[in-house]
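4 protein chains.
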Amino acid sequence: MIHVTIWNEYERERSRPDVAKIYPEGIHGAIAAGIHQDGFAIRTATFDEPEHGLTQEVLQNTDVLIYWGHALHHKFRDDIVERICSRVHQGMGLIVLHSGHHSKLFRKLMGTSCDLLWREADEKERLWVVDPSHPIVEGIGPYIDLPEEEMYGEHFDIPVPDELIFVSWFAGGEVFRSGCTYRRGQGRIFYFRPGHESYPTYHHPDICRVIGNAVKWAAPVKRAPTYYGHHEPLEILAK
Amino acid sequence: MIHVTIWNEYERERSRPDVAKIYPEGIHGAIAAGIHQDGFAIRTATFDEPEHGLTQEVLQNTDVLIYWGHALHHKFRDDIVERICSRVHQGMGLIVLHSGHHSKLFRKLMGTSCDLLWREADEKERLWVVDPSHPIVEGIGPYIDLPEEEMYGEHFDIPVPDELIFVSWFAGGEVFRSGCTYRRGQGRIFYFRPGHESYPTYHHPDICRVIGNAVKWAAPVKRAPTYYGHHEPLEILAK
Amino acid sequence: MIHVTIWNEYERERSRPDVAKIYPEGIHGAIAAGIHQDGFAIRTATFDEPEHGLTQEVLQNTDVLIYWGHALHHKFRDDIVERICSRVHQGMGLIVLHSGHHSKLFRKLMGTSCDLLWREADEKERLWVVDPSHPIVEGIGPYIDLPEEEMYGEHFDIPVPDELIFVSWFAGGEVFRSGCTYRRGQGRIFYFRPGHESYPTYHHPDICRVIGNAVKWAAPVKRAPTYYGHHEPLEILAK
Amino acid sequence: MIHVTIWNEYERERSRPDVAKIYPEGIHGAIAAGIHQDGFAIRTATFDEPEHGLTQEVLQNTDVLIYWGHALHHKFRDDIVERICSRVHQGMGLIVLHSGHHSKLFRKLMGTSCDLLWREADEKERLWVVDPSHPIVEGIGPYIDLPEEEMYGEHFDIPVPDELIFVSWFAGGEVFRSGCTYRRGQGRIFYFRPGHESYPTYHHPDICRVIGNAVKWAAPVKRAPTYYGHHEPLEILAK
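Residue numbers (the numbering used here), protein chains in the order written: chain A, 2 to 240; chain B, 2 to 240; chain C, 2 to 240; chain D, 2 to 240.
One thing to keep in mind: the hints can contain errors.
Identical copies go unnamed one by one, so any copy, or any two together, can satisfy a pair.
What the hints assert, rightly or not - For lysine-lysine, the following DSS-like pairs were computed, each having C-alpha atoms within a straight-line distance of at most 30 Å:
1) K223 / K22
2) K125 / K105
3) K22 / K109
4) K76 / K223
5) K125 / K223
6) K22 / K125
7) K109 / K223
8) K217 / K125
What the hints contain is simulated information worked out from the structure, not anything from laboratory work.
Isolated chain A (complex conformation) (with noise of 0.2 Å):
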């Protein structure tokens, strides 16, 4: 069984009544009714449990963690940041949704600055399968409509995909990268960029499923952990 962590920053839906109408929840909770079919072990995480809720132990039993967040990337703990990119190193998975790109971990694991172009707008977006071959679409049609989200365009400064799976057109002009795979020691990462709080985007089946697949996706692999220092030769070295 895999075991997910579900972090919310959990601000907007408790301080702006309009978002608390949408995700009564928190985008927490609606993530993780949307992926229970799936059979997975979850339990959810917030900015205010002591430690944002990802203690060594947490960490430490989460075969991949989900993240969300935004308007407290300036405040996230920075020895955190360093615990969660060690347990990605060490082969957790990582699933960076929406304006998660920006925050803090998500920088220090790319090595670029993440940022875009963006506008609130109402806006229809429309992702793109470019990837019909990849696990992370099983059940996907060639597209989702979203009738309503936040612009987010090009150029997206991060590093090349390892695969592109998404790209979304927008109604004002627009394409972007929308999902995109990493791979950083032995973990690896998803980020997928629909989901800004003032649309229902995480009750979208479609967004649910694809937030599922990829778990199952980023689930770590089971080998003994790699090493890495000084090491002896074959015997056959002979000068």
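Dock chains B, C and D against the given chain A, drawing on the hints supplied.
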């Protein structure tokens, strides 16, 4: 000096007055004029010439081949396809434009169907730069606007590009991987989407700039031919 | 349940006693035994069967095809090559082993010569894992040692792999990209180098483990067929 | 003209007579001499200079930075690391040599530990070219032989390279991805493995040729700065 051969089917410019009006010197002529300032040694070749104008001698003296075709793909001689592929494998650069995606040549080099979505609706195309560090976009802004073009949409059935440089937005709701690079043998390939014959796309300075940049990028690297076959071991091999 | 067809040329096991001794049930039999524990539905097929044992019906009922060939590449029927390619494009997984690199099938899917360096000198091969996060190396240590194998060396004339999983070291001084993945159409392809017929490579548990892992990785993703062709615009299109 | 700054820690050449004998002008001096013929404007900088010799002004006037460090990685000023990263993001090319893999700079740009296997055993290294079409190998044969070098082995904990150009073979049984490219922001990065201070590696003409080629490849592309932030829609946006 880089030796460039611009190959054009040159059928529509002669059979359709509307196309002839846009390209009185043919698409090949427009491209030749558009990249003239780069100082290449340019020759052109067309379908109706003997061996489609692509004799062994012509190809041996070509550093980079630019290829535009559409209506006569099925009539292109198979042995000439083989000849071009061999030259690419030896190191000749290849730039495939627009409907060349469905040529025997491109499909053979890709190993896929190269199918896509399409629509002729005189609609706006915006080509976004997604790799701003690439020499192919030297001198190009964040995007190139084409007021009217044919639409090509995803899924584009190509292998995963080695480098993805442009992604197009179309007014009707589609996106497309519009600028893609590949390596095949010692040769480098650039596929560049724009250029339906009924629009003046190859008179656009940015489009020509991209093609000129791509020629420089695709020009062969000077080194001894790679060898293959039986190989002797280092003396160190002692079992 | 994943339906696997193991295709083997099955010529050397019958013409050479030394090979027959190593593979009394054929290479296909050894592989079938080696991946038996994974619970696949396995069938085998060989060159001498009608249509090489790869009828339309067999392929339609195959999720992943494993392919070993060498001496009879040139006699393999072209129409069957086309048939297999079509099925890969539709989503069938393909695992090409060792000398299958020079098959019509693999070369057609790659678009390159697939040439390489080689030497038969009973020398040590060590396959190093360079992507420890990949499901194909589940359960595998930092490397796999094969006491005696045929050498394959770089430059290996393949397209840039989508993923590079193994790199081989050979005692005589060469390296080789030994485990490579590709996507073609909806299908996923894994090339895995080891397995010259005169060595007991396919009796090695780690080699079989990799092949079994690759079958799971290459199994088709369940989704509606991708469509191509003319496409209607969103109503938003208003020029 | 390309402006190159060669940065060297320059510690071992002064503290160890055996190293001083090999590099009487420092590693930076040897590299400067080795790439002299390429016609670059070259300056050098070392650890002991104010701000490590990498002032804002120096970096602003640097097109490509070459970086060699080892013993003093932990003492390198964090603010200078930030400054270099910013310049890379703006488009400055970066060539990281040998033990620079463990510098704060490279690790920050990669987002991984950059750990590896190593051994000092005066053993033979052979660097095989695996991408013969890349401008970085212009003029280089199928491989480069170094009679004695330090061994670096896989797994090398780096992100998947954008391009893999060299793979090393070591006599003691290891392989290594020795020549890797990355893009970060507008900047291009090349990591090149050889160059332990106790061997005359940077006097080898092929090693210098690769470094010179890499400088040309990594030089910034001329275009307007990429912009990020809020973005207005096309007028077409009408909900």
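Here is how each hint holds up against the structure:
Proximity of K223 to K22 under the C-alpha cut-off of 30 Å is found in neither arrangement, the shortest distances being 41 Å within a copy and 35 Å between copies. Within a single copy, K125 and K105 get their C-alpha atoms as close as 29 Å, which meets the 30 Å cut-off; across copies the closest is 38 Å, which misses it. In this assembly of identical chains, the alpha carbons of K22 and K109 never lie at most 30 Å apart, being 33 Å within a copy and 41 Å across copies at closest. Taking CA atoms no more than 30 Å apart as the test, K76 paired with K223 passes in neither setting, with 34 Å inside one copy and 37 Å between copies.
In this homomeric assembly, K125 and K223 come within 30 Å of each other (Cα to Cα) only across copies, at 27 Å, whereas the closest approach inside a single copy is 41 Å. When the C-alpha separation of K22 and K125 is checked against a cutoff of 30 Å, the pair qualifies only within one copy, where the shortest distance is 21 Å, while the shortest distance between copies is 38 Å. In this assembly of identical chains, the alpha carbons of K109 and K223 lie at most 30 Å apart whether taken from the same copy (25 Å) or from different copies (28 Å). Proximity of K217 and K125 under a CA criterion of 30 Å is satisfied intra-copy only: 29 Å inside one chain copy versus 37 Å between copies.
Of the numbered hints stated above, those contradicted by the structure are hints 1, 3, 4, listed in ascending order.
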